[in-house]
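**Q** These are the residues of each chain, in order.
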Amino acid sequence: MQDAILKKLRSTVGDDNLVVQQDLMEEFLSGPELPSAVIFPGGTKEVSEIISLCNELDVRIGVGGHTVNTRGLDGGLAMVMSRMNRVLDIDHENLVAEVEAGTSHTAFQNKIAGEGLYFPPEPFKGSDSSIGACISSGDLDSMAFQYGPPRAYVLGFDMVLPTGEILNCGSKVIKNVSGYDLIHFVVGSRGTLGVITRVLLKLLPLPETRRSILGSFSSIEKAASVMGKLLDQKIYPARLNLLNAPVAAQLNLESRQIVPGHLVLVDLEGLRNSTIRLSEEVASLFRLEKAADVIMLDEDEALDNLGSQWLKLKEKYHGDVHERAIDFLVGPDHAPQALNQLEKLVEDLDSRSGLMVYALNGNIRVFPSEVHEMTVLVQEINRLALSLGGNIAGDLGYRLKCEALKEKDMWLEMVALTDEIRNQFDPNGILAPGVNQ
Amino acid sequence: MLTQVVKDRLSEIVGPKNIITNQGGMAAYGYDATLMSQVPVGIVFPRSTEDVSALVIYANKIGLILVPRGAGTNLSGGSLPLEGSVIVCFSRMNRILEIDPKNFTATVETGLVNFDLQEELEKFGYYYPPDPASYKASTLGGNIAECSGGPRCFKYGVTRDYILGLEVVLPSGKVIEIGGKNFKSEFRYDLTRLFVGSEGTLGFVTRAILRILPKPPAKRTMLAIYNKVEDASRSVAEIVAAGIIPTTLEMMDNLLINTADEHVGLGLPLDAGALLIIEVDGYDVDLDNQVRLIEELCKKSDVRDFKVATSQDEADQLWLARRTVIGSVGRRSPSYSLQDVTVPRSAFPQMVEAILACSKKYDLPIGILAHAGDGNFHPLVLFDERKPDEVARVHKAEVDMVRAALDLGGTMSGEHGIGVLKKEYLGLEFSDLAIDLFRRIKRSFDPHAMLNPGKIVDIVPAELVEKRKGTVDGTSL
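Just so you know, the sequences run in chain order B and F.
Just add 94 to wherever you are in the first sequence, counting from 1, and you've got the numbering used here.
Just add 1281 to wherever you are in the second sequence, counting from 1, and you've got the numbering used here.
Rough simulated footprint, nothing fancy, chain B against chain F, three-plus residues with beta-carbon under 8 Å:
(1) 1427-1440
(2) 1463-1473
(3) 1564-1574
Cross-link-like lysine-lysine pairs, in silico, DSBU-like; alpha carbons within 30 Å at most:
(4) 1342(F) x 500(B)
(5) 1383(F) x 408(B)
(6) 408(B) x 1436(F)
(7) 323(B) x 1500(F)
(8) 1417(F) x 328(B)
(9) 205(B) x 1436(F)
(10) 500(B) x 1383(F)
(11) 500(B) x 1455(F)
(12) 1496(F) x 1436(F)
In short, the hints are calculated from the structure, not lab data.
Built from N, CA and C at the ideal position, the CB exists for glycine as well.
Assemble the whole structure, with the sequences as input and the hints as a guide.
**A** Below you can see the structure in the form of structure tokens.
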């Protein structure tokens, strides 16, 4: 990058907020390529100036909350949003918060919890990441059945477009159908349509009562059938997850360690009477189904500890960090059947390979051990998912589905259409070059 | 009028029984629930996705404009035909393709009426949460096109939150599937969200995969009567602040209490300033506590009378009054205009004031109906459309209300859409940049402005203009 550009960038954000030395940049970068600089904007206007300049001079930009993926970013600019971390407003009357996109997700949740309010989506990257990352990824967590995906909590935002212009959308209303729905379309667009700098989030009151029940089972099949029975009894918890023994072994409960096995994790959040009653029904079903161990947690400290343990597990297995992950969906009803078939494809599923099931989303995530050839397994799992009316998640799943159904035209049409939309927002192709390459 | 060649080809595509080209027949499809109307040049009733695709391909070839239509209950002119356009009416495509309760999905053709789906789901103990007041007539395709809400949004959200996947015929005639039966099935972008609320301007949605939910085990319906609207709005604020999430917080003012009571005969106190219909749902063991708490909060805000429906019948009566209240104003005046302004909940009292001010300023009776929990107002402006000066005042009052809502940090449309009715006010709510982005989105899908043009935003269509001239006899476009 030319010195003249760096000089301009420096004058926009101040000397302290532009880093060009490689050793100092490393902390903020992930991935193989190397940008020319890391920049830390302090406000929407600065973001706009930076992006305008980059657009004019054809400099590529990648954005992140704390770290930036450097894919496609050789010689470009990495923008880290961590300085934009203020909670600008917590509005109790309207149940809305206004936050800057670089705000830490967990810090925000803790802050509003102190005021009796709740932002249900989990941090994108497990233990913590930014609110911007949550919206940019739009990723579904295992409580989405009860609370919906992150999009359901986005009411509006300021977004700097790839041309540097500032788009303002939405307001503190929960119903808004004015114009095309840019507010929700942008969620999950992985930073390709613009840089969100400020966001209006819908909040809920904190649930009156929480309880967690853990049951340890001797086989995956048994654990899966217990989950199926809960649904048959019309019990739909906030979270209903299965962790196989290798994954479950990493949970460190402060209360006491649970007897090792495949773990069914049930979180209940809601009104007091029903939550207590349901928790007892869950625990008795676990016992009836011969769980090796059952633990019920009802105190805040123990529940918070379990919550943070869960996020740590997610951090290890989730997001873009885990290279050997296959993420597929078959619907809640087919999950037990899918797991039976999966155990035949991944023989060490009960001992070495990792498994997480978000039962209410019908979402199965498998982390095969090194003995498995990934490309072969992906194809096999795709067939398995399709046979049960499901699919592998996301872009890969869509492509494989089109291939399997011989819908090449549809695939090409979708590529052309989504390319065109991106092009309409980012005519010079400067933003998030690592996405969709 | 369409040329005979065009008529023949359209008839070949959808079948001779599924096309109307006579004036009388066409006039019946030239209106919606607004005061506007326009007679199309033809109406076709496709039977399948293949029909729709063939229609679009043919329309492309000859430069014909197509306008989608469900049941015509639209409140913003989104389904109104344009001069020289052909209506594609989806009423024949009304099959339920699958109900899969254990995976919480239903797959339907989009001409299906919302209520007909609800009745089928009921058999499984399930329901589809979005239920706009028009749900006995309106189609799911129309609901998707407008992103309809309804009275349960405060707890359950809007149409957008219940659409998992769509099958869409693009303006090129190509058919795509977006999303799917499962979450996380989008390719690159969440196009499903873009189609929901796009008023048929980006493509024709032919199938939808809906998220359905088990019916809540129990419900309680309450009626709170107030001397003043302000007291009702204080109750709403108190209830929300207490961390209660009712499914419903519906408000009617004195005028509407009177028309509703004349219509349904509930014996409501006709001198009351306002009433709230409040509903909570969930597990039976929790609900008595909730009702007790709500009653306390209502008393704190000077409720005059507070009742809990003691039977399903009683609750149904209340809902009947609410669902028919819009039509009930017909007893007072021949015409009404229904607004859809929405403000942050905290600005509810100020919006009420602004509406009353409008009523006074323009000397028009305005009934206030509101999804109070959502800050979504449906002011009903009563007038006589045969009197041009009244019509002119109604339009002025509308603009005043839109401006008031925007000044209070709200939006001009909470659930009815922009269509043609509110297109001219778009600039009051959105920057030039946002409107330009809307145009860019429209162009990405429909560069020739073939499908429902002139709704939400206008674009200058590319290329096809010349072709259009040859399609319709004696009609200049």
